[in-house]
Structures are given as C-alpha cells and as structure tokens.
Amino acid sequence: MTAVILDGLVLGLQFGLLGVGMTLVYGLGGVLNLAHGQIAVFGAIVTSLAMTSGARAFWAALIGVAFAGLVGLLLDRTLMRPVYRREGEERVLLGLLLTLGVGFVIEGLLVWRYPIQQLSLNIGGSAVEILGVRMRTGSLLASVISVAVAVVLVLFFRYTSLGKAVRSVIQDEVGARLVGVNPNAVRSLIFFVSAALAGLVAVTRSMTSPILVTAGVNLTILALIVTVVGGLGSVSGAFLAGLLLGVVHTVSSFLIGSYITTIVLLAAAALTIVLRPAGLLGRPG
Amino acid sequence: MMASKTGARRRPALLAAYLPVVVAAALLALPPIWLSDSRLWMRIAIGWLVFAAYGIAFNVIFGSTGQLFLCIGALAGIGGYGTVILADQVGIPALPAVLLATLTSCLLGSALSWVAVRRSLGVIFTGIVTLTFSLSFSNLVLGQRGLTGGETGLLVSTGSASLLRNRLSAYYIFLALVVVFLAVFRFLQRSHIGWAFRALRDDEVAAGLAGIDVARFRVIGGMIGSAMLGLTGSLFAVYEGFIGPTTYDFAGIDIRVIVMLAFGGIGTLLGPVIGAVFFRVLDEYLIEFGQLREVVYGVLIVALFLGFRRGLLPSVQNLFARVLRSRSNPKGD
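As given, the protein sequences belong to chains A and B, one line each in that order.
Going by the numbering used here, the residue at position 161 of the first sequence is 161; the numbering climbs one at a time, nothing skipped.
Going by the numbering used here, the residue at position 114 of the second sequence is 1114; the numbering climbs one at a time, nothing skipped.
Each hint should be verified, as a subset may be incorrect.
Label pairs and their calculated CB-CB ranges [as the list claims (entries may be wrong)]:
id, chain 1, residue 1, chain 2, residue 2, range
1, A, R177, B, A1206, 28 to 34 Å
2, B, A1251, A, R276, 55 to 61 Å
3, B, L1306, A, L155, 53 to 59 Å
4, B, R1201, A, D172, 52 to 58 Å
5, A, W59, B, R1201, 49 to 55 Å
6, A, W59, B, W1114, 52 to 58 Å
7, B, A1210, A, R77, 50 to 56 Å
8, A, V144, B, D1203, 50 to 56 Å
9, A, A185, B, V1323, 38 to 44 Å
10, A, F58, B, Y1285, 42 to 48 Å
No lab work stands behind these hints: they were computed from the structure.
Beta carbons are placed, not taken as given, at the ideal position from N, Cα and C, and that holds for glycine.
Using the sequences and the hints given, assemble the complete structure.
Structure below.
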C-alpha cells in the first residue's frame, strides 16, 4: 500500500503542474483552456520526433517543452485576442468554445500525421529503495523535476516583481493597469509558461508510462478536474488538489478499477463545484 | 362581437407563428421521394432528423435559458441505454420502456438544472458539471459490461418488428418527432414561459426584480429539453438496432450539435433543422478524410464562434435584410 501511495504522490505532482498551468490562464484571462492536454501531447510528440532524428533525450525534451510553450503563445497572440475583448460570461463562454475547437484541431492533425507516434522515455539505472519501497529511477526523476519546477514557480510568484505583477492582474485587472502592469504582456507570458508546463508534464509522465498521440483529451480532463478541485485561479490549491487526486487515483485504481476511478475523480470535481465553488484553498464568495 | 373580432385577428397571427413549422414539415416530407431507393441516403436523411431533434432540445436548454449543458449525448444515451436495458434485460414492453427511459433522462436533466440554479453556477461551472456528468456516463457505459456490453455494445432486440426498423416509416416517425419538437419550441416562445425565458436571458437580475421566478423557468427549460433528448436517444436506439459507447459520445453528439447550432443560429426556431441537414451531409462527405474530419470540426467551431455570434445563417439574413432595406429606401434613414 505504501508503494501505491508513493506512486500516487508521483502522479499527483504531475497532476498539480498540469492543473497549475490551466488555473493560471483562467485566473488571468478567464479562459479555461480546453486544449491544454492536446498542447501537452504536442510537446511529447515533438520530443519523440526530435529523439528519432537523433537528439539526446534531454535536448529533445527541452525542444518539445519549448514548442508546446510556443503553441500556447501563438494561441494567446491570435485567437485569444478577440476573447479578451469580451467581458464577463461572454468572454468565458467564447474562450471555452474556441479552445475546445483548437483542441480538436491539434489532436486531429497529430493523429492524422503521426497516428502511431508515442513518447516513452526510458530512464536507465537500478531501482532505488525509499521508505522500504523500491522506486524506479524514472518515477524518481519525474518527481524531482516536478518538485523543482513547483518550487521555482512558488518562488517566482512570491519574490520576483514579475511574479507579483502576475498576481496583481489575477486580483484586479484594472488596478494592475493603473500601477503600470500591462495585462496583455502578462497574459502572453503566462500562456507560454502554462503550455510549456503542459509539455513538461507530458515529458515527465512518459518516464513512467508512454504518452500516446490520443492522450490529449484525458490530460485536458485531468487538468480540468485538478483546476476545479483546487479552485479556479489558485496556484497552491492546484498543487494540493493534484497531490490529493493523484493519491486517490492510484489507490482507487488499485482497489476498484480504472473506470470507477475516473468517475470518482469526476464526482470530486462536480461536488467541489456544488459544495465549495471556490475550491480547496479559495476563500468562499 | 368584440371577442370574435379579436379571435379573428388572432388566428392569422397564430397561423403566421406556426407557418415556418408547417413549411419545414412539408419540405422535410419530400426527400424520401428521391432518396428512398438509396440505403445510404435514407440513413443520412434520418440522421439529419435525429440531429435536428437533438439541436432543438439543446436550443430549449441553452438557447432559451442560457444553461450550457455539455451532456446532450449523455442524456440521449440514458434514454437509449435505458430503453434497451429495460426492454431487453428487464423484460418491460417496448412502449413503457421508452417512456420510463425518457422520464429518467428528464429527471436527471432537471436535477442538473436544479443544482445549477440552486447553487447559481455561472455558464462555466454549469458547463463543467454537465461535462463531468457526460464523462461519468461514458465511463459507466464502458465499465458496467454486464449491463451495457462495454466496448462491444448491445444489439437491440426490442422493437425489431416495429415501424422504426423500416427505413421509410422510420424517417416519417423521426420527422413527426422533429415537427412536434418545433411546435413545442414555438409554443414555448409564444407563451408566458417564452417571455420569461427572454427576460432572464437578457438580464437575469432585472428579470428576477420584475417578479420572474428565474429558478423555476430555468428548471422548466432543463426539464423539457432533457425529455426531448431522452426520447430522441431512445427512439434512435430502437431504429439503429445497435448501441455502443460511440453512439452517444461527447465528440460524436455534443460537438456536432454545437457546430450545427453555431451554423444555423442559436435560439432560432429553424436553426437546428437547417444546421442538421447541412452538417449531416457534410459529415458524410468528410468520412473519407478520416482524422481530418475532427480538424474540420475544430476549425468550424473556432471560425463560427469567432465570426458569427448569432449564427452564420442569421448573420446572412441580417445582411440581406439590410441590403433590401437600402434598396427600397435609397436615401437611407
């Protein structure tokens, strides 16, 4: 059971990173990016293609993550402009529908062009013993990367002026503009970071299990669940929700089975919305 | 004297209101004359009626009351799977099975609507909750193999001798369904319910202040729309003779209905019908493009919602109206 919970934590860290990306973009611009998972898969496929053409795993992963980020940046600079010009519910609805369409386009193109491509990074090395459980090097490396990125993110938001600028836009767009923060620039930056994080999650996931070209929808849904449970717009909430749901995911798959597990996760999201719409760490109201 | 006068004046208005429904019914009654020889084309033609029915239902829920129900396929699927399980496995006669399954969809849809209203979920939370409902349904279908046949699906034996198994009579049964749905939609628009719908769509707070019970009318919208979805899904299962996980899945139903409505016009009477005819035919031609079909749908969603907020057809209509007006009134006004 310890092994299952440890696996859950490893998975949860990645869920968390996936959710953070989605939650940040929503917090900043009111766009719930339903193409998030497809962008992640795009990053994975680019990595895999770079590796088949001879790049070392590290550089290939870096290229993949960068490309995923660029897709996000492109999306923000083009299709999302008219969305940001709308206000309130209309902005949310348009953002939702447009990214839904974009997700279909990305996945459709990838499956059409590379129907059997997949990414699996085999990290060599022998298993390591932690808490009496043998862990594969792959999942260990994935966790180390995830934790490191999470720490960098938290430090960035807490201590750099750019990070504070981002938080100021989340809190109050007009106020941020008044003190000289350019919301558009901040949004572009965060869209890039969010998409790059999605790509990174796909890469670290592939260290333990292969990422198929059709994995996009599932990743989007996971990100959505984590985002909702953590509270839309809450970074620490997304991490906490990710860890929690990761453990729930592995324990429940271990005990009950995968279909019911998905339903459990979905129910968690639905119940959060109904009972505590602000999420785990959000302030109600 | 007065009463008969107003009655006489009202009758033409009544006729005018339902005229589009009659015209649509008459036009849709014609295609089998040319198509009935072709199995493929009859299947496509029935497909457009089924999608028109889904579209009208979605129009009642989203177009009229602004509730983003991303579970069109799931509610239809509950009707479909419900009917087949009740009739073939429990052993209830076909007609009560259809009614019971429809009622189940109706109750679940109303419950979703009620929760959304009670907790005043905005468009985004309503969308997410109904999406989780959708995905839970498809996971249940895949997971409960004993009941649903899992990935292999179920052969439908109930109603195998019914008129729904004959292509021509099935076409007219679905046509009748669409016409009834259209009439219901028009009736709702003209009744005090339609007034309330419009008011709460334009400004929910103002509607509430004007004494409209916003919660009640939202739930009524969800209830009627979900019943329509359940009934259509149920009849479709009997007609098709087979249901599987892809029969009612999100990508297959919800996405197409949304694209269709974006084309035909959300909230309009005939938008779903026109959109359905156009897209069912387009869909058939896109089959040979395989995966690129999804790409086309993605591009269409983006283009339609970006370019035409009220739907493509209404925008074109508007343009025509403007051109005609400037013709008849060259000086402008």
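Going down the list of hints, with the structure as the test:
1. A:R177 with B:A1206: 28 to 34 Å: holds (30 Å)
2. B:A1251 with A:R276: 55 to 61 Å: violated (31 Å)
3. B:L1306 with A:L155: 53 to 59 Å: Roughly 38 Å apart at Cβ, these two residues miss the hinted range, so it is violated.
4. B:R1201 with A:D172: 52 to 58 Å: 29 Å Cβ-Cβ, so the 52 to 58 Å window is violated.
5. A:W59 with B:R1201: 49 to 55 Å: holds (54 Å)
6. A:W59 with B:W1114: 52 to 58 Å: Holds: the Cβ-Cβ distance is about 54 Å, inside 52 to 58 Å.
7. B:A1210 with A:R77: 50 to 56 Å: For A:R77 against B:A1210, whose Cβ atoms are near 43 Å apart, the range 50 to 56 Å is violated.
8. A:V144 with B:D1203: 50 to 56 Å: holds (53 Å)
9. A:A185 with B:V1323: 38 to 44 Å: With a Cβ separation near 42 Å, A:A185 and B:V1323 satisfy 38 to 44 Å, so the hint holds.
10. A:F58 with B:Y1285: 42 to 48 Å: holds (46 Å)
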